[in-house]
Amino acid sequence: MATIFLLVLSALIFTAEAQQGQSNIVKPGSLSTPTTTTNSSWLSPSVLYAFGFFKQSNCYAVGIFVEGSPQKTSLDSQ
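Numbering (mature numbering (1 follows the signal peptide of the UniProt record, and there is no 0)), first residue to last: -18 to -1, 1 to 60.
Careful, some of the hints might be misleading.
Estimated spans, in silico, between C-beta atoms of each pair [claimed, not checked]:
1. 29 / -16: 38 to 44 Å
2. 28 / -16: 43 to 49 Å
3. -16 / 27: 40 to 46 Å
4. 43 / -16: 53 to 59 Å
5. -16 / 44: 47 to 53 Å
6. -16 / 25: 48 to 54 Å
7. -16 / 24: 30 to 36 Å
8. 26 / -16: 36 to 42 Å
9. 30 / -16: 35 to 41 Å
Since the hints were derived computationally from the structure, they do not count as laboratory data. All C-beta atoms, glycine included, are put in the ideal place defined by N, C-alpha and C.
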């Protein structure tokens, strides 16, 4: 019984430590308002995808892109 308790306790400790190192919450102001000179984006924790604003003709769109792609491949946009 004590062995099971120690296993559960150690699993909880390791889970808590792993979750403290990373936050997936977007904080107010962390994603800038679109400007005429730069595109604003927020990277995923894996740094594979980016979410943000990009210029399209005479307006801005919001989308999800593959980060690091030279063509800025858009996965979805609105």
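Tested hints:
1. 29 / -16: 38 to 44 Å: 40 Å, holds
2. 28 / -16: 43 to 49 Å: 36 Å, violated
3. -16 / 27: 40 to 46 Å: 35 Å, violated
4. 43 / -16: 53 to 59 Å: Given range 53 to 59 Å: holds, Cβ gap about 56 Å.
5. -16 / 44: 47 to 53 Å: 52 Å, holds
6. -16 / 25: 48 to 54 Å: 42 Å, violated
7. -16 / 24: 30 to 36 Å: 44 Å, violated
8. 26 / -16: 36 to 42 Å: Once the Cβ atoms are compared, 39 Å apart, the range 36 to 42 Å for residue -16 and residue 26 holds.
9. 30 / -16: 35 to 41 Å: At 40 Å between Cβs, range holds.
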